[in-house]
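S.K.: What follows is the residue order along each chain.
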Amino acid sequence: MSWSKTYSPSANGWTKLQARIAQEVLRQSRELRLYAAVASVLVVALGLVNTIDFGGAKLLPEPLPANQVVIESGRAVEMKTNATGVHYYWVFQNQN
Amino acid sequence: MPITRSELEVLYRDLEIPLYNFALRWVFDPALAEDVVHDAFIRVWNRRDEVIITTFKGFIYKTVQNLALNEMRRRRVRSALIGWFEEPMQDSPDQDLALRQELKDMQKALEKLPLELRGVLLLSEFSDMDYRQISTMLGIAEGTVASRKNRALAQLREQMEEK
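If you read the sequences in order, they're chains U and A.
Just so you know, the first sequence maps onto residues 1 to 96 in the numbering used here.
Just so you know, the second sequence maps onto residues 1 to 163 in the numbering used here.
Okay, chain A solo, but in the shape it has when bound (with noise of 0.2 Å):
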């Protein structure tokens, strides 16, 4: 049975606060951060006829993840055509000079992390979901999920100290 519109705000609702945290570690802009968890429900909305509730929060974390990765990933390429230097970040005028500095330093540091290590690591800090979740949802070992937080952990204390 498809999802009812009332159901897709208990979800949005539910998991807005922990999705748009867990968005805004891979994309550091408030707006761009909001507008990926957006795009992601609107996929679920278009394919409400295929969501099943249970395995819900692994496929939306997923869909958050593959659609900011690629934000990136365009942004990027963007960045490279309009003459090889990065692309400033592009801050709202209501973002307050604290909160702009506060992303530029997580940016710094969660970036430094491989792909996979910083999946995890944002995964198991924002979405609820276990080890065992986890496991499914990437396809790896619970083991793996473990080892990965723990080196992410790791090497995030490690950039600290080096400050």
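Isolated chain U, as found in the complex (with noise of 0.2 Å):
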């Protein structure tokens, strides 16, 4: 017995490590989408709440123009868009 002696794999190696990364891929893509699911949850829950203190800012669910960071009136308000394409947006609301 050689404790060094070489031995081969199995011929199809790479086509089954292409495999599994399909597999991969795909529980991914299947992650993802169970997580975008919650986040939409969450989002329509929040719309929900009117307004959440959240310390000196408040979190408000409102209509604001999109893609943008807008600060006026003492409020900087960010919008986000999900994984599903539902626009949300945070507004931290200075209560001064």
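Some hints could be false.
Okay, derived cross-link-like pairs now, EDC-like style, lysine to aspartate or glutamate, Cα gap no bigger than 16 Å in a straight line [unchecked claim]: (1) A:K149 with A:E162; (2) A:K62 with A:E125; (3) U:K16 with A:E16; (4) A:K108 with A:E158; (5) A:K62 with A:E16; (6) U:K5 with A:E102; (7) U:K16 with A:D35; (8) U:K5 with A:E125; (9) U:K5 with A:D128; (10) A:K57 with A:E16; (11) A:K149 with A:D130; (12) A:K108 with A:D35; (13) U:K16 with A:D39; (14) U:K16 with A:E9; (15) A:K57 with A:E102; (16) A:K57 with A:D130; (17) A:K62 with A:D39; (18) A:K149 with A:E125; (19) U:K5 with A:D105; (20) A:K62 with A:E116; (21) A:K112 with A:E162; (22) A:K112 with A:E161; (23) A:K57 with A:E125; (24) A:K62 with A:D128.
In case anyone wonders, no lab produced these hints; they're calculated from the structure.
Reassemble the complex: the two chains are provided individually, in unrelated frames, and hints are given to aid placement.
M.R.: In structure tokens, the structure reads:
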């Protein structure tokens, strides 16, 4: 017996690896869709709440101009789009 | 820049045989050794943005070794849970008797070596890395790599003579 003898793996190793990578990509995309669905539910839930206090700032769901960060009248507004294409808005409002 | 699928293929084809033989000396099961190598490449693919080609070899050998050690631990726990006896090796049907016997003999010899000696010996034999590269990978001095390899070989020789 030689402990250093070289053995050969199966001949189609790369094909098998490609198949496993494809499975992995599929699994990750399923996970992403699940996270997106959970995020959508959270956004809807947030939309039901008029105002949530976060210490010195407020999170307000309300319609605002898309794709921009607006700072006006002491408010910083950031528009976000989640993976399912739902737009939502973070409004950080100075309580002063 | 993340590595592409074709670059991954080149790396895989280049390292497939030595990595497989390296993994086989940890798990002593051809199918499992192949799975461990594939798992390591899937990790590479998942982290393709972070992979640095110049240090790739050290990274992939370390990943294969860690995955193989995890698999051994899992097997030990499973064996303990199902009845406090050694779980028999899962042989594939096409695995011939000679190969099975060779792997059993190899396992008997290599498993007696302390992990740190076995790691250095196998890296030195299969990875094509020099002492400096192995020392960087393991975070030990080059001299330690050399002395561990010599001790591992001496212990293997002793075992052969005892037979």
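S.K.: Each hint needs a verdict: does it hold in this structure or not?
M.R.: Verification of the supplied hints:
A threshold of 16 Å between alpha carbons decides the hint, and for K149 (chain A) with E162 (chain A) the separation of about 20 Å lies outside it, so the pair is violated. At roughly 15 Å between alpha-carbon atoms, K62 (chain A) and E125 (chain A) fall within 16 Å of each other, so this suggested pair holds. With a C-alpha separation of about 12 Å, the suggested pair K16 (chain U) and E16 (chain A) falls inside the 16 Å cut-off, and the hint holds. A C-alpha spacing of about 13 Å is found between K108 (chain A) and E158 (chain A), which places the hinted pair at or below 16 Å, so the restraint holds.
With a C-alpha separation of about 15 Å, the suggested pairing of K62 (chain A) with E16 (chain A) holds against the 16 Å cut-off. For the given pair, K5 (chain U) sits about 10 Å from E102 (chain A) by alpha-carbon distance, which is consistent with the 16 Å threshold. Of the pairs offered as hints, the one joining K16 (chain U) and D35 (chain A) holds, with about 10 Å between alpha carbons and a cut-off of 16 Å not exceeded. Between K5 (chain U) and E125 (chain A), the direct Cα distance comes to roughly 10 Å. Compliance with the 16 Å bound is thereby established for this hinted pair.
Straight-line distance between C-alpha atoms of K5 (chain U) and D128 (chain A) comes to about 15 Å, which keeps the hinted pair within the 16 Å bound. Pair hint K57 (chain A) plus E16 (chain A) holds up; C-alpha atoms about 12 Å apart against a cutoff of 16 Å. At roughly 12 Å between alpha-carbon atoms, K149 (chain A) and D130 (chain A) fall within 16 Å of each other, so this suggested pair holds. Using a Cα cut-off of 16 Å, the hinted pair K108 (chain A) and D35 (chain A) is violated, with the two alpha carbons roughly 22 Å apart.
This hinted pair checks out: K16 (chain U) and D39 (chain A) have alpha carbons roughly 11 Å apart, not beyond 16 Å. Of the pairs offered as hints, the one joining K16 (chain U) and E9 (chain A) holds, with about 12 Å between alpha carbons and a cut-off of 16 Å not exceeded. Distance restraint check for K57 (chain A) and E102 (chain A): the Cα-Cα separation of roughly 28 Å exceeds the 16 Å cut-off, and the hinted pair is therefore not satisfied. Using a Cα cut-off of 16 Å, the hinted pair K57 (chain A) and D130 (chain A) holds, with the two alpha carbons roughly 12 Å apart.
The straight-line distance between the Cα atoms of K62 (chain A) and D39 (chain A) is roughly 12 Å, inside the 16 Å bound, and the hint therefore holds. Between K149 (chain A) and E125 (chain A) the alpha-carbon distance is near 10 Å, which keeps this suggested pair within the 16 Å criterion. Between K5 (chain U) and D105 (chain A) the CA atoms are separated by roughly 12 Å; this keeps the pair inside 16 Å, and the hint holds. Between K62 (chain A) and E116 (chain A) the CA atoms are separated by roughly 13 Å; this keeps the pair inside 16 Å, and the hint holds.
Taking the CA atoms of K112 (chain A) and E162 (chain A), the gap is near 13 Å; set against the 16 Å cutoff, the hint holds. Proposed proximity of K112 (chain A) and E161 (chain A) is supported: the alpha carbons are some 14 Å apart, at most 16 Å. For the proposed pair K57 (chain A) and E125 (chain A), the alpha carbon gap of about 14 Å is at most 16 Å, so the pair holds. Only pairs whose Cα atoms come within 16 Å are accepted, and K62 (chain A) paired with D128 (chain A) is accepted, the gap being roughly 14 Å.
In summary, the structure is inconsistent with hints 1, 12, 15 from the numbered list given earlier, while agreeing with the others.
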